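Number of protein chains: 2
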Amino acid sequence: MENQDYHMTPEQFRIEGKKIIDWIADYYQQIEKYPVLSQVKPGEILSVLPENPPQKGESMDSMMKDIDEKIMPGITHWQSPNFFAYFPSNTSFPSILGDLVSSGLGVQGMIWATSPAATELETRVLDWLAEMMGMPEKFKSTSSGGGVIQDTASTSALTAIIAARERATKFESNQKGVRQKLVAYISTQTHSSLEKAIKMAGIGKDNLRLIDVDEHFAMQPELLRKEIQTDKEAGLIPFFICGALGTTSSNAMDPLRKIGEIANREECWFHIDAAMSGTAMLCPEFRHLMDGVELADSYCFNPHKWMFTNFDCDVFWVANRNELINTFSILPEYLKNKATASGAVFDYRDWHVQLGRRFRSLKLWFVIRHYGVEGLQFHIRKHIKLSQLFTKWVEDSADFELVVEPPLNLVCFRHKNGDEFNMKLMNAVNETGKVFFTHTKLNGQVVLRMSIGQTFTDEQHLTKAWDLISTTAKEL
Amino acid sequence: MENQDYHMTPEQFRIEGKKIIDWIADYYQQIEKYPVLSQVKPGEILSVLPENPPQKGESMDSMMKDIDEKIMPGITHWQSPNFFAYFPSNTSFPSILGDLVSSGLGVQGMIWATSPAATELETRVLDWLAEMMGMPEKFKSTSSGGGVIQDTASTSALTAIIAARERATKFESNQKGVRQKLVAYISTQTHSSLEKAIKMAGIGKDNLRLIDVDEHFAMQPELLRKEIQTDKEAGLIPFFICGALGTTSSNAMDPLRKIGEIANREECWFHIDAAMSGTAMLCPEFRHLMDGVELADSYCFNPHKWMFTNFDCDVFWVANRNELINTFSILPEYLKNKATASGAVFDYRDWHVQLGRRFRSLKLWFVIRHYGVEGLQFHIRKHIKLSQLFTKWVEDSADFELVVEPPLNLVCFRHKNGDEFNMKLMNAVNETGKVFFTHTKLNGQVVLRMSIGQTFTDEQHLTKAWDLISTTAKEL
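So the protein sequences, as listed, match chains A and B.
Residues 283 to 758, numbered by the numbering used here, are exactly what the first sequence covers, in order.
Residues 283 to 758, numbered by the numbering used here, are exactly what the second sequence covers, in order.
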């Protein structure tokens with residue numbers, strides 16, 4: 283250590299910080315050299331990390347050397363243009379820089395007073411986004427609702443379910459615990475986080491109905507209606523319905539208007555989970571998919587999936603913010619302040635589970651301002667065109683078949699040789715390290731998924747991926 | 283836009299990134315020029331931000347100009363050495379750099395396979411920390427337990443309560459909903475997040491007992507014992523007790539051994555919330571405060587408070603990881619993989635609420651390696667010595683009095699002129715912008731709090747703060 287107090291000085295930070303900026307730029311320029319899916323075995327990374335913490339400080343050079351030598355082999359490269367697995371979790375240089383400013387400022391925006399700019403920029407950016415996405419007025423802060431940044435769609439689902447529970451029980455569950463016979467409804471294809479949230483909120487899995495889907499894997503509203511009827515006749519209280527604007531497994535689009543009409547009629551909270559596909563609403567030509575959104579009580583989508591904003595950044599909008607605040611608000615003496623008492627400000631810690639808050643709107647602001655609405659639209663349209671191209675290749679192939687018509691940027695397909703062959707094919711391709719894609723099951727059958735949405739994915743990457751998949755299939 | 287695809291190129295990123303590194307270094311060098319507490323009025327920042335999103339992309343220069351002119355006036359400077367409010371939420375240059383590497387890599391470590399290094403570095407670093415803090419073996423991954431990084435202590439509390447609920451009901455609550463008459467115990471001084479978590483988990487506020495405290499504001503174990511007895515006689519099921527290693531209001535230390543013995547005997551889950559003060563356990567001379575920790579089922583502390591690691595980073599340890607995993611695990615088809623099936627790896631998404639995970643162990647790794655154990659100890663000891671110095675000034679003063687003996691780095695004091703005067707004094711000092719500190723209430727009386735733990739706080743800052751407080755008191 284040069285300085286006796288162990289701190290890195292601002293001058294050292296300038297030097298080390300700039301080296302890391304270059305390291306990141308180098309990483310993106312060389313990213314295709316790495317195997318997309320990490321090829322290490324369980325315990326391999328652990329075994330090269332020292333068992334005991336250092337007593338004396340070490341240099342940044344030694345740390346960055348360890349990143350290169352010990353950490354990089356264990357990285358699965360989500361930012362590679364050859365990453366087609368799960369869902370995109372893309373980022374962009376402006377987002378990285380916005381997040382860097384946030385780390386530098388190190389403000390904790392739990393309430394308005396602890397950094398007014400952190401609260402008010404978030405309010406403004408989420409109102410911008412509502413406009414950019416064609417969301418109804420009621421979801422804006424200038425109306426009865428508003429948005430808040432959450433970490434993930436899982437937490438948004440939990441937040442929505444708890445607020446719904448309190449509305450349905452007139453805040454009795456918060457007071458007495460879950461005593462009433464509440465029932466919630468999702469489809470068989472809804473994301474697992476909904477089941478997890480239903481458990482966490484004390485509702486219980488037995489009180490979650492999985493409504494069957496149609497041939498496009500979308501919820502059947504008529505079955506939903508019947509199930510609610512049955513439950514009501516049994517003395518149960520329907521309180522929550524989740525519709526998916528794009529399921530995780532196959533990107534199925536639930537009929538939101540029909541579900542919303544049932545929800546409104548039955549006085550159920552209607553939550554829309556648009557985690558990945560919500561980003562497509564940037565383009566007016568895809569907004570037919572969210573027809574009925576004005577019937578929703580809450581809606582979430584993740585700029586950290588497909589909108590070039592680094593994890594974590596989930597946008598959660600509600601139609602009536604008071605229902606949310608009345609559910610989550612707690613005000614201990616040590617957080618009381620004039621601004622909160624005046625009622626003129628939002629204290630976002632009352633809008634969700636956590637108290638502490640990072641200044642996450644900065645990265646979103648940087649992304650929106652760097653690309654502009656037209657730049658973001660350009661990339662979403664490009665990804666969807668690439669998906670259509672891949673779809674055509676599958677349809678033109680003798681060996682493969684399309685499983686469902688892709689509404690946006692996820693192509694579900696399979697080789698005609700059956701489940702075992704498809705799994706073998708996928709593993710063989712992934713083990714080359716050149717491409718990484720994953721599978722699901724639909725109607726009990728193994729289905730391969732190409733999820734197209736990485737920041738730098740171009741036609742050349744997709745072409746190479748398809749060549750590799752089809753060649754490997756022939757070889758096996 | 284120079285390039286037709288709207289992206290920032292790696293070369294532009296090198297230039298813009300280095301400018302922001304310099305901007306951050308400049309910020310820390312000039313931080314004392316800003317008013318610590320933002321002086322803006324509600325709506326002031328909002329009013330200078332455009333109402334509509336930009337259609338066309340904008341330059342980084344225009345964004346950074348807006349940061350300087352529009353955002354900075356609305357920042358409350360948590361990283362100022364003159365920040366003594368609430369609790370520290372400090373950071374350090376190595377942490378900012380670790381977080382930058384994480385943003386750059388952009389990996390999503392939800393399960394082992396999606397980036398083995400993100401999982402295994404986290405496991406190793408939290409085992410290091412367990413050793414650094416003198417935690418019992420059972421909390422290490424090499425034993426029955428292990429640690430996981432959560433966002434906040436609020437979420438850790440919720441996680442502990444839900445796992446406790448499931449253990450107590452033999453996983454019946456997850457299945458059927460909360461039906462049994464569960465009761466939880468905290469003290470009147472326990473953090474508000476516990477009450478919030480009890481509500482969220484469907485237990486209900488009526489089933490949360492607030493045990494009275496002694497003259498040091500620590501929970502009275504004898505009253506806890508009696509309350510449990512009463513509840514059992516009423517047919518209720520005690521299931522969860524939280525002890526505080528440092529309450530938020532006054533840094534009171536609950537008698538953990540006595541509480542733990544009761545918890546173990548009554549088969550209640552024992553959670554220890556050491557959010558801020560846990561960091562002091564780096565120094566063996568303060569570990570008497572955690573006497574009894576081996577009786578705990580879970581324990582959390584926040585490196586993002588007092589350990590130079592930027593928000594968010596809460597460390598949550600459990601004694602028995604299987605209880606946690608059995609509570610939170612869900613495995614949809616699209617996340618199945620060989621490593622998970624082998625049982626040889628941790629999938630941390632099963633250890634908490636969220637599915638998605640940022641690579642947060644990097645910043646913790648950088649901090650521990652940069653400072654070394656001895657560098658971290660140096661700063662904790664320095665902060666505690668500064669608190670003792672401030673305590674002496676208060677005791678030597680004719681106008682002020684100490685409210686409780688500070689165990690660590692929080693000094694609770696008040697002017698002898700009564701509540702109204704203390705509030706007036708605090709507001710007057712904070713409005714100068716030179717210092718920011720906050721208040722609480724203890725025994726119904728307003729108490730001023732000096733929370734000493736910012737990264738760059740030295741004796742000179744504390745001296746100036748005390749001069750300002752005592753001079754202002756004389757002038758009022």
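Source of the hints: derived by calculation from the structure; they are not laboratory data.
Mixed in with the good hints there might be a few duds.
[Stated by the list, open to error] Under the rule of at most 25 Å between Cα atoms (straight-line distance), these lysine to any residue pairs were calculated in the SDA-like manner: (1) B:K338 <-> A:F660; (2) B:K458 <-> A:S474; (3) A:K620 <-> B:P363; (4) A:K422 <-> A:A626; (5) B:K618 <-> A:L750; (6) B:K352 <-> B:E326.
Only a predicted model underlies this, so the values are computations on that prediction, with no experimental measurement involved.
Hints, one by one, checked against the model:
1. B:K338 <-> A:F660: 12 Å, holds
2. B:K458 <-> A:S474: The given pair, whose Cα atoms are some 17 Å apart, holds under the 25 Å limit.
3. A:K620 <-> B:P363: Holds, at roughly 24 Å.
4. A:K422 <-> A:A626: 16 Å, holds
5. B:K618 <-> A:L750: Holds: K618 (chain B) and L750 (chain A) sit about 23 Å apart, inside 25 Å.
6. B:K352 <-> B:E326: 9 Å, holds
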